[in-house]
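Chains as they are written, first to last, in UniProt numbering: chain A, 1 to 237; chain B, 1 to 237; chain C, 1 to 237; chain D, 1 to 237; chain E, 1 to 237; chain F, 1 to 237.
If you're looking for bench data, these hints aren't it; they were derived computationally from the structure.
Hints may contain errors.
Pairs count within a copy or across copies, as identical chains cannot be separated in the list.
Said to hold, decoys possible - Calculated pairs, DSSO-like style, for lysine-lysine (alpha carbon to alpha carbon, straight line, at most 30 Å): (1) Lys223 <-> Lys31; (2) Lys233 <-> Lys22; (3) Lys52 <-> Lys82; (4) Lys146 <-> Lys82; (5) Lys233 <-> Lys223; (6) Lys146 <-> Lys233; (7) Lys223 <-> Lys52.
There are 6 protein chains.
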Amino acid sequence: MRPSGRNLDEMRAVSVETGFTKHAEGSALIKMGDTHVLCTATIEDRVPPFIKGSGLGWVTAEYGMLPRATNTRMRREASAGKQGGRTVEIQRLIGRSLRAGVDRVALGERQITVDCDVLQADGGTRCASITGGWIALRLAVNKLMKAGDVISDPLTDPVAAVSCGIYAGQPVIDLDYPEDSEAGVDGNFIMTGSRRLIEVQMSAEGSTYSRDQMNALMDLAEKGVTELVAIQKGATA
Amino acid sequence: MRPSGRNLDEMRAVSVETGFTKHAEGSALIKMGDTHVLCTATIEDRVPPFIKGSGLGWVTAEYGMLPRATNTRMRREASAGKQGGRTVEIQRLIGRSLRAGVDRVALGERQITVDCDVLQADGGTRCASITGGWIALRLAVNKLMKAGDVISDPLTDPVAAVSCGIYAGQPVIDLDYPEDSEAGVDGNFIMTGSRRLIEVQMSAEGSTYSRDQMNALMDLAEKGVTELVAIQKGATA
Amino acid sequence: MRPSGRNLDEMRAVSVETGFTKHAEGSALIKMGDTHVLCTATIEDRVPPFIKGSGLGWVTAEYGMLPRATNTRMRREASAGKQGGRTVEIQRLIGRSLRAGVDRVALGERQITVDCDVLQADGGTRCASITGGWIALRLAVNKLMKAGDVISDPLTDPVAAVSCGIYAGQPVIDLDYPEDSEAGVDGNFIMTGSRRLIEVQMSAEGSTYSRDQMNALMDLAEKGVTELVAIQKGATA
Amino acid sequence: MRPSGRNLDEMRAVSVETGFTKHAEGSALIKMGDTHVLCTATIEDRVPPFIKGSGLGWVTAEYGMLPRATNTRMRREASAGKQGGRTVEIQRLIGRSLRAGVDRVALGERQITVDCDVLQADGGTRCASITGGWIALRLAVNKLMKAGDVISDPLTDPVAAVSCGIYAGQPVIDLDYPEDSEAGVDGNFIMTGSRRLIEVQMSAEGSTYSRDQMNALMDLAEKGVTELVAIQKGATA
Amino acid sequence: MRPSGRNLDEMRAVSVETGFTKHAEGSALIKMGDTHVLCTATIEDRVPPFIKGSGLGWVTAEYGMLPRATNTRMRREASAGKQGGRTVEIQRLIGRSLRAGVDRVALGERQITVDCDVLQADGGTRCASITGGWIALRLAVNKLMKAGDVISDPLTDPVAAVSCGIYAGQPVIDLDYPEDSEAGVDGNFIMTGSRRLIEVQMSAEGSTYSRDQMNALMDLAEKGVTELVAIQKGATA
Amino acid sequence: MRPSGRNLDEMRAVSVETGFTKHAEGSALIKMGDTHVLCTATIEDRVPPFIKGSGLGWVTAEYGMLPRATNTRMRREASAGKQGGRTVEIQRLIGRSLRAGVDRVALGERQITVDCDVLQADGGTRCASITGGWIALRLAVNKLMKAGDVISDPLTDPVAAVSCGIYAGQPVIDLDYPEDSEAGVDGNFIMTGSRRLIEVQMSAEGSTYSRDQMNALMDLAEKGVTELVAIQKGATA
């Protein structure tokens, strides 16, 4: 029934190539099917003004898409002169999600910026960004620990994300672009490795949904995140 | 236990003054406690390029806050030269939510813009904007119907929104600013008059939550939206 | 002869609601007929760089109009990405005018920002902003005095403003929008309570005027400002 | 008494070099003492959208200052990314003033843009821009007439401007920078060759003035404009 | 003598992976040592306004760098709100260079946009962009030809580029970042497969050079471009 | 053969008027035929952040064109809200070129900004800007030396520039606009008074060139720069 032939609860193939770029303290190219996102984590010895002197660290994220990551070319945001509303929304979500797995006291007064740049898009780029962004963050923090710059591990619980939605009347996991563009209801579910919820964003466009449908998607999401966390662990072991 | 002395499931006093400004096709000043939002609906005989010629209508929203709506003065976005990320996120949410209650075929090829401007803020401005924005939209559509410009009612089911969160370990409804700034988990629940879900956004900042907690907030939200829809009906009768 | 039926030297009904918003140190909603402006005054313990360390205070103003304050919806300046030329002109005028009634030594090294936001427009918004802005400023300074933060009153002489113009060949006071859009000559007259002049801006668009006409408008303006200053005193007593 | 040794009612030496640049339909370098402004008039066969198809013409103006036209270097507005408030105010004034001397029916549906660029500043740049801008406009219109593109002269009455102010307690004409920076009250007086008023802008900064003082400045301005109009006629004969 | 141990006339290892992304009509990831650039070519059935209706085609380019492509993180241009001067310079150069190998009549009235995004930088990104950009262009044009959308091949002569400079007093080819940051003189040499010159940009920063030195670099460049053109042919055969 | 009737190796008449504006530490109006550029040099006791505390000086440049410097009016960059790509490219070139003739240690920790504003354009504005900019810089440095603010002359070798190109198959020097708009190949050659090269930018648009042609242009350029340096010396003696 799904365009890809997948089962309702079957995610796309996921692969991770760590160390994809050499300069960043942590980097990974994550592929969820045909959605490919390059994630890098940068450590800097400065924090935003609002926490200067607090002893707390900060984790933030930025998101971008190459102009021809998509089926038709989109205008380059740098040339348009600003980040679009969708971009801003997504990068705020990524940063907020990753921070939920971080002990900012243990991190100490430094900032880690996770850049998520979509090289190729086929649906689910924000979830791939969070899942891959966590890997880059893990690798960067590993360097801090190896160097003795932090004493206890500031990463408390892995963070991963998956999209689920109602496609052709059925709850499905990890929508690709053909499904995403048809689904009347879809959501992003961000959770920790211990299945605690960080953020649920479930929206209908020109449609509505019931609590039962919501619960069905939540069930799917828990299954998916469990698989993703295992992949994260394998990639950063 | 709540700073305001309210019960856990008790919303703030809500009042609505329709016709607050004279030029708009629909207008309402909604007060949810000390959060005051002026909502206006503007009808225009044009639609965005991507639906031109489709026969479909469009409903969109813009959101703003006066510089001293808040406890300390914020920089005016017009003078800063751009809308902040939070503003963009909120106005996209308002537009998406209102459209869920609109039959765009029945509306016909015209656009209604709902402007939500916060005159005074005390938490929950996005929910007040959606609830009040629907009232302005209802009033504007009433004019269209009275004038015979639309044949059947393009508004299918009222849309309202309420925030709920975990404050001091307890699920509470309609957080005011003192609660909102302390809550580790809070969510916005947008529903229709028939209790169908439109959008759930439930996020933790530096924290996580369980499915049980999520369900408790959902229960509160259903109660709150039911009350708000009754108020909307009273105001536009 | 006037569309509103008013006499040539008759202003619109003026009302003032002080304390319209709760956060600002001073606030007032001023209504001059159907022109409604929300004015707030914010006190901050910082001054612009060019007077830092001088011991002098500063009073400045910002002006905005809600998108549907007018008969047809105007584009939101925050979304357009900049304040239009008209906005910039008006807010510079408001700030300059208010400063003429302020003893900046007595104010001490602090800044008061007066925000004037037009909720509904029907001509004369800049004059209503100055007159209402003075009220907000007066209320904010009263707080400073009550708290003992300033020793002698930094407000030396009240400031008010009225527009006058040539409509249908006759000098008239306080033009509403239907008059304003027809008048070939109109001016803004900003004066103190003791009838000293602060600023006169009298311009013709596609027309010219004589010194006699200018003097007739000056006479009207003196009468109007006297009435407005009395209203200001009543509102802030 | 004046820093320059001039009499109270004595303007600075004025010179005009027409045809200073070769591409523009009209051009003039006007020097009022050490204030030097290059004015060019460009004719285009298009009008702004709001008068398209009306048969009416349009005259508009833009104003700029080279970064080192002033005593200390100012930031280049193109590099700052926007025109400052002062620039916007001035160019709107120039355009409005010039239009007062134009019969827009006789001009026909075309636009003339007058660019006023200050090469060297020593006070009074907006008045020099209006006076010199009229000369550029006159020369451009002469070309239209010679070519038979307009039938009757669209320029009805010459437009010129002079600044007057209260310096050291005395009314003086044509303030240079040392006077301008000290004067508590100064104004710009734009008039036609037949001494009709177009615009009066008379402002006090941290000060006030009486009607008698205003009248004294008006008297000076009438004298000055009469001299300037004679110079304009000489330059364009 | 070179930090990398290469001979003076030895380029870094070059590899090309075509089809790196699936949506673009042509795509290639080019690696010149540790400089990795993703190049995509997008075909659109529209041309810039200045050639509309001329029957001629257009080739243009855009350039970007991921924030952590470099040793320290650079601010994202989309978030800074504009493309920097260096970016603008480079993308104009890429477009101009590629057009030199294109028969715009044969291409027909369509536009090809070549996006060059640096995933990892180690010197010579603009030369890698041109060389890789040509490959993406070649692949996209091959599609046009296969589909019969163009009759004769619009690509007349391959275009490639290499940097050469004076490092430690010696002429060297294909500078990597350690060399580039030390070299007082460096240049970019863009040529065709038949060794015709397209663009030479040879600049000294805080230094100068002789014609003899210039000729030595030209000799190196001819050798390097010959090798690169062979690699281009291999990749697109 | 040339539209102007000049010989292939004949530059346009060059004139220089120093002290054209009074405020700048150095100023010159340079005319190369009908190309007129006003160059000013401003000395400031501050340097960019990246060299603060290094003891080194900095020379930078900005470039602008008046809207009607050209045959048809161009949009004012300040009003467009940004400097175009061409402007940015040119001003970076001017700054880089001038710095090649400056001993930044001898200059000491101060910045000189050279503004080049084109009053009238007829081809070759960037070369005129460099040649005239050097004169303004020389005059400003002379002031520093006369005042004893620098001990040894920080200007080591004069810098001048000329354009050469292939017009109608022939190498020609100092292209005017009619030649420039027809030439398939043209270059800018920046050299010192001792004929050392600073920058060569030689580009073809839709064309290519041989090394022999490149050498022919280099020969012409050496001749031209020699003449320009003599004119610079005469103007600043």
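### Task
Since the copies are identical, ignore which copy is meant and state whether Lys233 and Lys22 lie within 30 Å (CA to CA) inside a copy, between copies, both or neither.
Cα proximity of Lys233 and Lys22: in one copy and across copies (21 Å, 29 Å).
#### Entry: Within, between, both or neither, where Lys223 and Lys52 count as close if Cα-Cα is 30 Å or less
neither (40 Å within a copy, 42 Å between copies)
### Task
Evaluate Lys52 and Lys82 at a C-alpha cut-off of 30 Å and name the case that applies: within, between, both or neither.
Both ways: Lys52 and Lys82 sit 27 Å apart in one copy and 26 Å across, limit 30 Å.
### Task
Evaluate Lys146 and Lys233 at a C-alpha cut-off of 30 Å and name the case that applies: within, between, both or neither.
This pair counts as within: shortest intra-copy Cα distance 18 Å, inter-copy 46 Å.
### Intra- versus inter-subunit Cα pairing at 30 Å for Lys233 with Lys223
within (16 Å within a copy, 42 Å between copies)
### Task
If the cutoff is 30 Å on CA atoms, where do Lys146 and Lys82 land: within, between, both or neither? Let me know, please.
Answer is neither; intra-copy 38 Å and inter-copy 38 Å both fail.
### Task
At 30 Å max between alpha carbons, let me know whether Lys223 reaches Lys31 within a copy, between copies, both or neither.
Result: close within a single copy only, 19 Å intra versus 39 Å inter.
When the structure is compared with the earlier hints, violations turn up for hints 4, 7 and for no others.
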